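Given the coordinates of chain A, work out where chain B should sit on it, guided by the hints.
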Amino acid sequence: RKEVEQDPGPFNVPEGATVAFNCTYSNSASQSFFWYRQDCRKEPKLLMSVYSSGNEDGRFTAQLNRASQYISLLIRDSKLSDSATYLCVVRRPYNNNDMRFGAGTRLTVKP
Amino acid sequence: GAVVSQHPSWVICKSGTSVKIECRSLDFQATTMFWYRQFPKQSLMLMATSNEGSKATYEQGVEKDKFLINHASLTLSTLTVTSAHPEDSSFYICSASPSSGGLYEQYFGPGTRLTVT
Numbered sequence: 025r026k027e028v029e030q031d032p033g034p035f036n037v038p039e040g041a042t043v044a045f046n047c048t049y050s051n052s053a054s055q056s057f058f059w060y061r062q063d064c065r066k067e068p069k070l071l072m073s074v075y076s077s078g079n080e081d082g083r084f085t086a087q088l089n090r091a092s093q094y095i096s097l098l099i100r101d102s103k104l105s106d107s108a109t110y111l112c113v114v115r116r117p118y119n120n121n122d123m124r125f126g127a128g129t130r131l132t133v134k135p
Numbered sequence: 007g008a009v010v011s012q013h014p015s016w017v018i019c020k021s022g023t024s025v026k027i028e029c030r031s032l033d034f035q036a037t038t039m040f041w042y043r044q045f046p047k048q049s050l051m052l053m054a055t056s057n058e059g060s061k062a063t064y065e066q067g068v069e070k071d072k073f074l075i076n077h078a079s080l081t082l083s084t085l086t087v088t089s090a091h092p093e094d095s096s097f098y099i100c101s102a103s104p105s106s107g108g109l110y111e112q113y114f115g116p117g118t119r120l121t122v123t
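Protein sequences, first through last, are from chains A and B. Counted from 1, the first sequence has number 122 at position 98 by my numbering; the numbering is strictly sequential. Counted from 1, the second sequence has number 16 at position 10 by my numbering; the numbering is strictly sequential.
Note that these hints are calculated values from the structure, not bench results. Check before you lean on any hint, since a few could be wrong.
[As the list claims (entries may be wrong)] Quick partial rundown of chain A residues pointing at chain B, CB under 7 Å, derived from the structure:
# : residue
1 : E67
2 : P68
3 : F125
4 : A127
5 : G128
[What the hints assert, rightly or not] A few chain A residues that don't get close to chain B, going by computed Cβ distances all over 10 Å:
# : residue
6 : P38
7 : G40
8 : K134
[What the hints assert, rightly or not] Covered stretches of chain B (chain A as the covering partner; in silico rule of three or more C-beta atoms under 8 Å from a C-beta of chain A):
#  : region
9  : 49–57
10 : 113–123
Predicted model only: the values in this text are computed from it and were never measured. Beta carbons: idealized from backbone N, C-alpha and C, even for Gly.
Bound conformation, chain A alone (with noise of 0.2 Å):
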């Protein structure tokens, strides 16, 4: 079983639409949590922190489900500036170094 592992994707939908990636994680003693944007061709870039009370950031919320280890992200009124490859990152726990990254699941939003 993979350390972290992500809705395969691809998820196509159309302007305004809200979609819902997820996430899950094997090792139950991880501390910090991550959703990351990674655009083609580009480096992985920090989208948001999830905390464990859950959190929102503009059309983009966070969820964290510790007991059934268990990430979300949501994306609210989509935008094609929203198209790319949705990464969840998971710290390792004993080791604020060490982060593990899910495959990614890829968004397209179209017109």
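Just chain B now, with coordinates in the frame of chain A:
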């Protein structure tokens, strides 16, 4: 702030040659840098963790004699792909961490696309 650069951004080399990739933190000191590899349509795979002034820690399955890492200063780490082969063609990305504990980010370089012919 927190800018990481990589050089070169792309390189084409012949099979059997060696290629050096540089990763620099431009406006902060990085005690730890990370080297990732990403094949097409796959996620980033951590190759090794590089700590300034000490030997790198390689992930299982990554040949340390093939992928030489040097982290000689707090702002520079290098990855040398020795005796490159076509299967080494990939997108190599480094990242740097400016602190040693607590919640913090890794800042990624723009990546180096290596093509071995």
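Taking the hints in turn, this is what the structure says about them:
1. E67: A/E67 check passes; min Cβ-Cβ to chain B is 4 Å, inside 7 Å.
2. P68: 6 Å, holds
3. F125: 5 Å, holds
4. A127: 4 Å, holds
5. G128: The hint holds - A/G128 has a Cβ within 7 Å of chain B, the shortest such distance being about 5 Å.
6. P38: 24 Å, holds
7. G40: Consistent with the label, A/G40 stays out of reach of chain B, its closest Cβ about 27 Å off (over 10 Å).
8. K134: Given that every Cβ of chain B is farther than 10 Å from that of A/K134, nearest at about 20 Å, it holds.
9. 49–57: holds (count 5)
10. 113–123: Held - the region 113–123 of chain B has 5 residues with a Cβ nearer than 8 Å to chain A, which meets the minimum of three.
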